[in-house]
Amino acid sequence: MVAGVRRGDFAAAAWVLRGGVVLSAILLGLGLADAIVAPDPVPEMDPGGLAEAFRDLPRMRTGAMIHLGLFVLMLTPIARVVAVGIELASRRETTFVLMCVGVLFLLGLSFWIAR
Amino acid sequence: MTIGLLALLLLSGFAAGLFGSVLGLGGGIFIVPILVLAVGVPMHSAVATSLLCVIATSSGAAWKNIHRGFANVRLGVSLELWTVLGAIAGGSLAGRLSGSTLIAIFAAAMVVISILMAHGEVEIPTEVAPDDSEDDEPVDRFAGRFWDPSSHDTIVYQPVRIRLAMAISSLAGTLSGLLGIGGGILQVPTLVKLCGVPMKAAAATSNFMIGVTGVASALIYYTRGDFAPVVAAGAVLGVFGGSRAGALVAGHLRPALTRRLFAAVMLLVAAQMLLKAKGWWPA
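These protein sequence lines map, in sequence, to chains A and B. Anchor point for the first sequence: position 94 equals 94 in the working numbering, and the numbering is continuous, going up by one each time. So the mapping is simple: the working numbering equals the position in the second sequence, first residue as 1, plus 1000.
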């Protein structure tokens, strides 16, 4: 008996990845177009920050869209881990669910370490 | 931001995505030297940008691999726990190293990879892998199966030596976090040669993992302020296009000749990176 991956399994995870890639590409494309036509030059090497990006987005400030696109891009694999974890939980595959939780914990840890 | 710079970034990303896709390496090994040598981006920002490109190429390809059943999700989830751990270590270590030290390490990695590329053709098993593992895991836990359109057959396999793969995965994660490369150069041969995973499933499972691995260290670079968002956005969009183009042309190239040619180019670029590390490369 082989309990392997079959075609069509983990469909939600696949859609999360596809959606994340498309959304981030749109946001990055719009952000770059905005940076080109903006009257004020956008500093290429300015790191900025995520909090700043969210603050600037409602005001449609140049560069905020790029930050948001990069944020969506980084969020995409994390959302994929969540989607895989949910599907594995629905099949009661506890060991693999715990591994997904472990990955999410480590990702949170990486953010905490960097601070 | 000028149109000239945007064009340069898009072109750099496109070239990295194209070469990475053709050679099955991911774009990281190409985008870092292009950004450092041609665009003049600081090494830590180039690595951060490369990690974003790795996330983009991984996410872009992984959804297809999951949909087709090529990626072994259970094996991927088990190994990515270790790649993420390594990526955190690598990302943290990179913050303690100077740009020139990181460039020198990257150049050394390029030399090793180019030698492996020139000499090492990965064996592609089509048979079911024999279960000669001394691992005490239940035999069906990581088992995989997929429909192979090239052989018109269902391939069934049972990965073995999972614990050894976990150890090597942490090393691949460290390299990814330190240098911004995907880690597939280490993961794919490990899965194929040590674990008995068919090439197609190994490449898909490695690709499935490197996105999450990239995020672990990208978060560290982002929080540390090493990101150059405009540079990253241009490169990521270029990589999207380049990896798609690479997938189209890959089937029409002679693999052995292509690998040797790129190995020679990589040795040349590694030498230029060493000059940069020494400060002898024009800023």
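A hint or two may mislead.
Said to hold, decoys possible - Label-pair ranges, simulated between beta-carbon atoms:
#1 B/1271 <-> A/23: 17 to 25 angstroms
#2 B/1151 <-> A/111: 22 to 30 angstroms
#3 B/1154 <-> A/92: 46 to 54 angstroms
#4 A/12 <-> B/1115: 36 to 44 angstroms
#5 B/1150 <-> A/98: 52 to 60 angstroms
#6 A/95 <-> B/1116: 28 to 36 angstroms
#7 B/1166 <-> A/89: 36 to 44 angstroms
#8 A/105 <-> B/1167: 15 to 23 angstroms
#9 B/1271 <-> A/38: 37 to 45 angstroms
#10 B/1002 <-> A/89: 48 to 56 angstroms
#11 B/1256 <-> A/38: 15 to 23 angstroms
Unchecked claim - Partner residues are not named here, just some residues of chain B that face chain A (Cβ under 8 angstroms, in silico):
#12 1055
#13 1067
#14 1069
#15 1153
#16 1162
#17 1164
#18 1279
Claimed, not checked - Coverage of chain A stretches by chain B, computed from C-beta distances (three or more under 8 angstroms per stretch; other residues unrestricted):
#19 18-26
#20 29-37
#21 65-79
#22 96-104
Hints are computed from structural coordinates only; laboratory data are not their basis. The structure displayed is predicted, hence computed values, not measured ones. Positions of the beta carbon are idealized from the N, C-alpha and C atoms, including for glycine.
Verification of the hints:
Against the hinted window of 17 to 25 angstroms, the Cβ-Cβ separation of residue 1271 of chain B and residue 23 of chain A comes to about 40 angstroms, which falls outside the hint. Between residue 1151 of chain B and residue 111 of chain A, the C-beta spacing of about 44 angstroms breaks the proposed range 22 to 30 angstroms. In this structure the hint that residue 1154 of chain B and residue 92 of chain A lie 46 to 54 angstroms apart at CB is violated, the actual value being about 26 angstroms. Under the hint 36 to 44 angstroms, the C-beta atoms of residue 12 of chain A and residue 1115 of chain B, about 42 angstroms apart, fit the expected range.
Between residue 1150 of chain B and residue 98 of chain A, the C-beta spacing of about 36 angstroms breaks the proposed range 52 to 60 angstroms. Checking the proposed 28 to 36 angstroms range against residue 95 of chain A and residue 1116 of chain B shows it holds: the Cβ atoms sit about 34 angstroms from each other. Between residue 1166 of chain B and residue 89 of chain A the C-beta distance comes to about 22 angstroms, which lies outside the given range of 36 to 44 angstroms. Remark: the range hint 15 to 23 angstroms for residue 105 of chain A to residue 1167 of chain B is upheld by a beta-carbon distance near 20 angstroms.
Checking the proposed 37 to 45 angstroms range against residue 1271 of chain B and residue 38 of chain A shows it holds: the Cβ atoms sit about 39 angstroms from each other. Between residue 1002 of chain B and residue 89 of chain A the Cβ separation comes to about 50 angstroms, which falls inside the hinted range of 48 to 56 angstroms. Distance hint check: the CB atoms of residue 1256 of chain B and residue 38 of chain A are about 48 angstroms apart, inconsistent with the given range 15 to 23 angstroms. Checking residue 1055 of chain B against chain A by beta carbon gives a least distance of about 6 angstroms; that is within 8 angstroms, so the hint holds.
A hinted interface residue such as residue 1067 of chain B counts as satisfied when its beta carbon comes closer than 8 angstroms to some beta carbon of chain A; here the least separation is about 5 angstroms, so the hint holds. Against a cut-off of 8 angstroms between C-beta atoms, the interface hint on residue 1069 of chain B holds, since the closest Cβ of chain A lies about 4 angstroms away. With 8 angstroms as the threshold, the beta carbon of residue 1153 of chain B stays out of range of chain A, its nearest partner Cβ sitting at about 14 angstroms, so the hint is violated. At a threshold of 8 angstroms, the smallest CB-CB gap from residue 1162 of chain B to chain A is about 12 angstroms, leaving the interface hint violated.
Checking residue 1164 of chain B against chain A by beta carbon gives a least distance of about 17 angstroms; that is not within 8 angstroms, so the hint is violated. With a least beta-carbon distance of about 20 angstroms to chain A, the hint placing residue 1279 of chain B at the interface is violated under the 8 angstroms criterion. For a cut-off of 8 angstroms, the count of residues in the stretch 18-26 of chain A with a CB near a CB of chain B stands at 5, and the three-residue condition holds. Residues of the stretch 29-37 of chain A lying with their CB closer than 8 angstroms to a CB of chain B number 5, which satisfies the three-residue condition for coverage.
Judged by the Cβ-Cβ criterion of 8 angstroms, the stretch 65-79 of chain A is covered by chain B as claimed, because 9 of its residues qualify and three suffice. Under the rule that three or more residues need a Cβ within less than 8 angstroms of chain B, the assignment of the stretch 96-104 of chain A holds, with 5 such residues.
The structure shown violates the earlier hints numbered 1, 2, 3, 5, 7, 11, 15, 16, 17, 18.
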